[in-house]
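Undergrad: Chains G and V, in that order, give the protein sequences. If you count the first sequence from 1, position 137 lands on 137 in the working numbering, and the numbers rise without skipping. If you count the second sequence from 1, position 77 lands on 332 in the working numbering, and the numbers rise without skipping.
If a hint is listed, it holds; no wrong ones were tucked in.
Only some residues are given here: those of chain V computed to face chain G with a beta carbon under 10 Å:
hint: 1; residue: Ala444
hint: 2; residue: Glu447
hint: 3; residue: Ala451
Don't read these hints as lab results, they were simulated from the structure. Quick reminder that beta carbons are idealized off the backbone N, C-alpha and C, glycines included.
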Amino acid sequence: MLVVNGLVKRFGGFTAVNNVSFKVEKGEILGLIGPNGSGKSTIFNMLSGTFPPTSGSIQFDGSEIAGLPPHRIINRGVGRTFQIPRPFRRLSIFENVALAGYYGQGGGSGGHSLAKANESAEKALAMVGLPTDRDASVDGLGAAGLKKLELAKAIATGPKLLLADESLGGLDEAEMDQAADMLRKIRDELGITIIWVEHIMGVLMRVVDRVMVLDHGEKISEGLPSVVSGDPRVVEVYLGTDADMTQAAAAEARR
Amino acid sequence: MSVRQFVPWIVGAVLIALPFVYRDPYHLHIIILILIWSFAYTSWSMMGRFGLVSLGHGGFMGVGAYVTALLWNHLGVSPWFGIPIALVCAGALALIVAYPCFRFRITGHYFALVTLALSGIVLQVITATRDYTGGSLGYTPDRTKGSHLVALQFDDKTTWYLIALGVWVAGLLIWRWVDRSMDRYALEAISEDEDAAAAAGVNVTYEKLKITVISALMTALAGALYCQYQMFISPDTVSGIAVSLQMVFAVVVGGIYVALGPTVGAIITILLAEGLRIGFGTKAVGWDNLVYGVLLVVFIIFLPKGILGSLLARLKSPGKPQP
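Just chain G, same shape as in the assembly:
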């Protein structure tokens, strides 16, 4: 479904992403992990069109999307969430999601109606468990609610591939589990393929089918969660500082 080849991004003299290639199969959940500054968000920003890659190709459903503007990539079926939720506070919860449902599915360029946008907003809100009444304000949402809204917006754009950026930062453990289950539910019920960027290893390892590890902009490991979390290079660069966490993650993955 997604084939990324030789992706490079330089900011001036700094290489944020260096020659990264990977594939995502339809229906899988790929975990993308790595320490802060390893290039995870940069990859997401290129996949979603926030900025173009310096070089390399991104093929989605057989056609090149590298360098397209964000709204065109979203209309092709790649949705995204942001690491820090970015709700539109001047709109209600419903309007936030209806907006994504309208423009995300090609609204404004014709062929998509308001009624359909409202319908996809209702579905997306119900999916993540937010109220579907029209006037509920964003200001009433806590950290978990904002993450849900972020997800609902992304789902409403009708993606085939969802780029979920660190969706669990700032949640407590119960909320984390809930959110992880939510991603799985989105994949299972809506058939949306997911790439999930996350700091918190444990929960991620439990849900993803495969995991890819980045360090300093390069891919250092890729494979099944149980295998990757035992990879000595991964242990060294990502988990090396905390051996307990490695074991916990490995145990979690084997479960």
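We have chain G already, so just place chain V on it with the hints.
TA: Leaving out everything else, chain V in the frame of chain G:
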């Protein structure tokens, strides 16, 4: 049917009937000015309400007025064709200035500065080409010798009143059309966070260009109407930075987020200018700008929703103090 539903119709009927019942030419003149400027301010607020603060709308107004008048005087083109041509010019100017801004994400203060330059440039062009435009002395469309309708020149205040009223209502309808459209959501989203709006699938550059061009076209129409009504234009009255700032002031004072806010702003600015003129005569030239400046600061700090906006907010939730 509740009483509220009849209110717009009753107000409309009263407004249409007014010039046939009340014939004081000076007061009608003031009301016509208020209507034309209300329309101009409404045009500015179309984009201003979404954080697209333009200080260049004097430029669009100038293009609307001068292109119409120049075409009539030099080429004998009727304003019925001259005004559409002037609108096309203003639209093209808006695209030329706004596209690079939006494409390269010049926003906020920087966008305001670029548009400020636009005001200045249009003013300079008008003064520099004084052989054609009369420069800073101003310009008068030739009085028609033939049909008044073709020349869009009427001596009769009632006709102008009805034209201005129609255009003002049209402006409010366009405002409401945008307010109820999906584009409003998109533009609100863009004004908060362009990247997040783009991630929701909004074509940020296109949406901003669309509202800018609509706003510029409306403003140019206001300029052309002002020219046809007053039969005299000068860089100071329809173009330049003072006019641009006056638009910002009036809309902020009236209420930037409500349909009738710009109208309230126009009533205040025009009554203020007339009051100063009558009270102090030529001694007070330029005082209105001073008052605008002071009031603008006071309003932005203490009443950011403007007079009408704050009033409506208070009516909606009585007892709760509004920020």
